[in-house]
Amino acid sequence: MSDGAEIVIRGGVVVDAGGERTADVRVRDGLVVEVGSGLRGGRELDASGCFVAPGLVDLHVHLREPGDEEAETIDTGARAAARGGFTAVVAMPNTDPPLDDAAVVAAVLARGAGSTCDVVSSACITKGRAGVELAPMGELYGLGVRLFTDDGNCVADAGVMRRALEYARSLPGAVVAQHAEDPALARGGHMHEGAWSSRLGIPGRPAAAEDLIVTRDIELAALTGAAVHFLHVSSARAVDMVREAKARGLPVSAEAAPHHFTLTHAACAGFDPLFKVHPPLRTRADVDAIKVGLADGTIDAIATDHAPHTPEAKERTFEEAPPGMLGLETALALTLTELVEPGVLTLADALALLSWRPAALAGIAHRHGGPVAAGRPANLCVIDPAATWEVDPGRLASRARNTPYGGRKLTGRVRHTVLWGEPVVVDTEAQR
Amino acid sequence: MKHLLSIDDLGRDGIEEMLSLAENFVEVTRRDIPKVPALRGKTVVSLFYEDSTRTRLSFETAAKRLSADTMSFTVASSSVKKGESLRDTVQTIEAMGVDAMVVRHSSAGAPHRVASWTDASVVNAGDGRHEHPTQALLDLLTLRTHRGPALDGLHVGIVGDVRHSRVAHSDVKAFHALGADITLVGPPTLMPESLEGWPARVVYDLDDVIGNLDVVYLLRIQLERQSEALFPSLREYTARYALTAARAKRLRPDALVMAPGPINRGVEIAAEVADGPASVITEQVANGVAVRMAVLWSLLGSGGSIV
Numbered sequence: 001m002s003d004g005a006e007i008v009i010r011g012g013v014v015v016d017a018g019g020e021r022t023a024d025v026r027v028r029d030g031l032v033v034e035v036g037s038g039l040r041g042g043r044e045l046d047a048s049g050c051f052v053a054p055g056l057v058d059l060h061v062h063l064r065e066p067g068d069e070e071a072e073t074i075d076t077g078a079r080a081a082a083r084g085g086f087t088a089v090v091a092m093p094n095t096d097p098p099l100d101d102a103a104v105v106a107a108v109l110a111r112g113a114g115s116t117c118d119v120v121s122s123a124c125i126t127k128g129r130a131g132v133e134l135a136p137m138g139e140l141y142g143l144g145v146r147l148f149t150d151d152g153n154c155v156a157d158a159g160v161m162r163r164a165l166e167y168a169r170s171l172p173g174a175v176v177a178q179h180a181e182d183p184a185l186a187r188g189g190h191m192h193e194g195a196w197s198s199r200l201g202i203p204g205r206p207a208a209a210e211d212l213i214v215t216r217d218i219e220l221a222a223l224t225g226a227a228v229h230f231l232h233v234s235s236a237r238a239v240d241m242v243r244e245a246k247a248r249g250l251p252v253s254a255e256a257a258p259h260h261f262t263l264t265h266a267a268c269a270g271f272d273p274l275f276k277v278h279p280p281l282r283t284r285a286d287v288d289a290i291k292v293g294l295a296d297g298t299i300d301a302i303a304t305d306h307a308p309h310t311p312e313a314k315e316r317t318f319e320e321a322p323p324g325m326l327g328l329e330t331a332l333a334l335t336l337t338e339l340v341e342p343g344v345l346t347l348a349d350a351l352a353l354l355s356w357r358p359a360a361l362a363g364i365a366h367r368h369g370g371p372v373a374a375g376r377p378a379n380l381c382v383i384d385p386a387a388t389w390e391v392d393p394g395r396l397a398s399r400a401r402n403t404p405y406g407g408r409k410l411t412g413r414v415r416h417t418v419l420w421g422e423p424v425v426v427d428t429e430a431q432r
Numbered sequence: 433m434k435h436l437l438s439i440d441d442l443g444r445d446g447i448e449e450m451l452s453l454a455e456n457f458v459e460v461t462r463r464d465i466p467k468v469p470a471l472r473g474k475t476v477v478s479l480f481y482e483d484s485t486r487t488r489l490s491f492e493t494a495a496k497r498l499s500a501d502t503m504s505f506t507v508a509s510s511s512v513k514k515g516e517s518l519r520d521t522v523q524t525i526e527a528m529g530v531d532a533m534v535v536r537h538s539s540a541g542a543p544h545r546v547a548s549w550t551d552a553s554v555v556n557a558g559d560g561r562h563e564h565p566t567q568a569l570l571d572l573l574t575l576r577t578h579r580g581p582a583l584d585g586l587h588v589g590i591v592g593d594v595r596h597s598r599v600a601h602s603d604v605k606a607f608h609a610l611g612a613d614i615t616l617v618g619p620p621t622l623m624p625e626s627l628e629g630w631p632a633r634v635v636y637d638l639d640d641v642i643g644n645l646d647v648v649y650l651l652r653i654q655l656e657r658q659s660e661a662l663f664p665s666l667r668e669y670t671a672r673y674a675l676t677a678a679r680a681k682r683l684r685p686d687a688l689v690m691a692p693g694p695i696n697r698g699v700e701i702a703a704e705v706a707d708g709p710a711s712v713i714t715e716q717v718a719n720g721v722a723v724r725m726a727v728l729w730s731l732l733g734s735g736g737s738i739v
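Here the protein sequences come in this chain order: L and R. First residue of the first sequence: 1, per the working numbering; consecutive thereafter. First residue of the second sequence: 433, per the working numbering; consecutive thereafter.
By construction, these hints were calculated from the structure, which means they are not laboratory data. Each residue gets a CB set at the ideal place from its N, CA and C atoms; glycine is no exception. Take these hints with a grain of salt, some might be off.
A few chain L residues that don't get close to chain R, going by computed Cβ distances all over 12 angstroms [what the hints assert, rightly or not]:
id, residue
1, Gly41
2, Gly131
3, Val132
4, Arg199
5, Gly204
6, Ala269
7, Gly394
With the Cβ distance kept under 7 angstroms, some of the chain R side facing chain L (calculated, not the full set) [as the list claims (entries may be wrong)]:
id, residue
8, Arg462
9, Gln523
10, Gly541
11, His544
12, His601
13, Ser626
Just chain R, same shape as in the assembly (with noise of 0.2 angstroms):
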């Protein structure tokens, strides 16, 4: 594999590699000296277009823990604002000499259209609406460490702005590629315009579904889309698709709840239901390092032992 532009590179094999070598590598960042040398002497470039410290910092740090050298290109530091053309700029990184670039943008298909225009691995870091695939992998490697490798039959309602989430988009895909069953929640106005060739189904009532979940997964709710007219308030969204710790009484007992993070406590996620037992939201934060590690060997490994 070349690039991860898309969950749909994987496929389940791939996914299922991935998240094994994913295991390995959180063994390793639970040493005393969290480091390999599996990347030594390999440069990777993060050129983000979007402010995201976090997943940034989740990449850089999996490359360094991997012993490659970093490089980042940030918008407000770059010569974007001074009308540089994305291909430009990707070949003058290019000819500093990088092995991969962990691209975020607020365009689909970013990533992509990076990998034309270069010899070096793309990972996509999220691109606009389209896709998050390394967030699906961590998602994944979360639920498998309390539900064990195969995800068949297993309930996920993914709650929220699914329309213009790329975590959406990639976690309907990767968990679909488990044998997951997925239930999108929210209202019509911020589900997909069009369901086609979705492999999930779609209800407008969080009550409805909430005692029948196994994965509660809610989607971090952008405070502006109150004034594109997609929803009344955030009190009436928190109303109806909140869960709150009167919802959260509901949920079997088994149930796992996990968001993508940032929070909006209080929001889609009452405060209490987030730092709760049911919650595994701090460990997916912990599982993006070992993920990013694993994508980064993927591609730029030489194929040998990751120690």
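This is chain L alone, in the form it adopts within the complex (with noise of 0.2 angstroms):
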């Protein structure tokens, strides 16, 4: 990850949970080695005008290997992620095989090794994510994994969700984290069920599918006392209600995806399936409560569900194409574009959700999320807030193109990523 070479940040302002400071920063041998001004030598990556910050952490990515290789592997979903500023990545369980075996958690973690992003790997709760056995949790967490879901499925029976919840207990640091759609409601449906539903005649998913299921899980944190993370809350009733289990001192976390607090299901009105994602996009109020979740400490990370699909896939009608939409290389500029320069999140609070919360909440606080500070691993991003740009989908890192941005103008991108002392972006481009 290092070959000696000595680099240095100049001319930003460095921010990181213990505020800003203008310094340049010093980087050898995968590390910080000095936080001060003046410095000068080495390969120099410039930084006037913007921040140096922690490299971003991203909760829950789609890489698709093994399984649909031809929507994103490895090698492209971790170039992506260097692209839009991450440096580490949580790599979800649904691929084929799913990731409920040692044997394929450690070929993930082998194929990440290397890349231009530290891949992370969650793991099934259950065997197949068929919500019925438990994988193989203990042996799984030996490896590494800390977040445990079978995202995309809701484990749907409280009996089998009670038992993950206590034996995860016996692992420390470990989080369950539930795709809060109870599959009775929600099943059948593809965007979210209300005025543009019923008006398109696409069959809906209630957002009572999530808030119950959520109720049920927050009342299972505290059977158990296990923690509970809901991955991409998508309803305001859902923060509600997390922000209530937290008030009651309940160990539940949640995150919340960028496409649910810039977007609303009347994005669904041309019926283009690159605005399917599961949990819909919903309301206005929906998106409202999001933000204010965002804000107000309720909702702990920003995730993007970044989720590649061939252009085949998404060359089906809405009800046929499946689900999902890229995020990596989107997420900060939309949420510098939709939270910061609008005033509803300081910088300061948009990098806590983008980068040393999740590390936290991901059992990576030792590598990644920062300080920035001497002793510390070099995992650092360069953002320029006041770069303007245009999303273009053939210009994406990623193997896919299905992001439902296409065109849209974005203030705030990333120009650097440095992955263990390594310049892995530089002005916006991947170095391999």
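Got two chains here, each in a separate frame; can you build the complex from them with the hints?
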């Protein structure tokens, strides 16, 4: 990860959990070795007008390997991550075969080693993500897995979810993460159930499907004392319930995806499956509630739910196409444009949600999420907050093209990304 | 107009123009040789991903009476089952040189997707629960025959499975555009989850409104809905919502009975009512060809005389 070469990131404002200060950053042998003013030498990366921040951490990406390498590979997904400023991503286990077995998890970790972003593996809660028998959580934990989830599927059986939570108490730092949508209510639905679904004739997935599972699993967290994480919360009621659960002192956390704070169900009006995602794009009131939850600390992380699909997979009808959209290369800019610029979040709050808070949830705070200080791992991103750019699906580093933001003008962009001391992105271009 | 994907594409003026045109084509269909050369040299393909012999035959008859060449692509005989994407199929058909695609699909918005991938004109022949605009036009044409061109103040009751009905979606828009008042009647499980933006009111008891309706439009009840817990039994559905002979006696003397067909006799409508004097169900079918001629001619015609 380092060849003894030294780089100096010059002229920027360093920002981490400790605050902001104007400083240069010297990096060598994978570590930050000096933070100060007037540093020179080695390879210099210009950061004038930019923020120098801990690398971003994404709790929720689908790298599609093994099984759907036509859509994305660990290699292309890691490159997309690096271009988005991420130095660590948590790979979701709904691959084929699923990550419910030590050999498959080990293979993913091996494929991820040496790529342009640290690949952290999650693993399934249940075998085959079938919601019936527990996956070998202890063995998987031994490989470094901290986040367990059947993402894409909800663990619908309350008894199974309870047992998973109880069992996870023997694994310090493990988090059981739920895709909260009751399948009995969401089944057959393809978008948020409401005015638009009724108008478009597309079967809906009601917000109640999410709210029911969030309510239930909060009570299971209370019953078992184990940590529950809610993936991609999208409904106003879910945000409120997570807030209440935290006030009760329960070990509950939640993430929100950029599409859930930037798009509403009205985006589905043209029947374009680029806007199909589970849980679905909801109402303006839900979008506003997500923003409030992000601002008041109820929601712990912004996670992309980066979900690559081949063009063929989306060249179907809305009902037939698979759910999911790309996120890695637009998450930071959407956060800056839609949340920081209008004053919903401060820059420091935004970076907390994109870096150090998810790093702590993923159990990788010793490697990612800062602080930017001598002796710490050199996993950094340099953000130009004033850069304006237009999303061009054809120019994404991801192998897939299914972004719903094509043509959208955004403000703020990742200029450089440094992974273990190596500049993997320089002036927005991936270096390998 | 390039495509007919939704009643929204027409508006009141567009609907009225289309109906006037269709009335001219009704005259054509009554000739000894019911055929005009209006679309000679044009090719119309029906792209049907869902069984519907009636609608497909109606469109193909309309195209033939306009002297267009027709092709038919149905799912059973297609490469869809081999995994070809909708877009690939559309582009393959386009490569053969077609001027219009008539699309029927079980998914909402399929014709909109097709329209985004082809230079041909696209006609929605029914997409999922979304719309069936030519059905709404033929319903209006039938109503006009009996009630004149304006429907202002006419009270139309649409009874049955509105939630899953593309016909109801298009009819509500089309009847409303011409000034009708619309009441949707059925159990809450068969009403749209949200009525926001729907120019209609909902009533759960048919007997409360049956005597006030100028038109009773009976939607076909799909037998599999019973297994989805949407209503307890066909027997209960019939008792509460069917146009039985007893209920039909309470209709206003000039009320009309309509249905999109095929009807389930004895389920949503009693056989003697379907065949009775108030019923215009067979007229609806007859008007389908004329309406589809009008639509194809509007999209593909040169704008000259139809004869």
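Structure-based check of each hint:
1. Gly41: holds (55 angstroms)
2. Gly131: Check passes; 22 angstroms lies beyond 12 angstroms.
3. Val132: holds (25 angstroms)
4. Arg199: violated (6 angstroms)
5. Gly204: violated (6 angstroms)
6. Ala269: Non-interface label on L/Ala269 violated, nearest chain R Cβ at 9 angstroms vs cutoff 12 angstroms.
7. Gly394: holds (18 angstroms)
8. Arg462: violated (35 angstroms)
9. Gln523: violated (10 angstroms)
10. Gly541: holds (3 angstroms)
11. His544: Cβ of R/His544 sits 5 angstroms from chain L, so the hint holds.
12. His601: OK, holds: R/His601 within 7 angstroms of chain L, min 6 angstroms.
13. Ser626: Holds: closest Cβ of chain L sits about 4 angstroms from R/Ser626, inside 7 angstroms.
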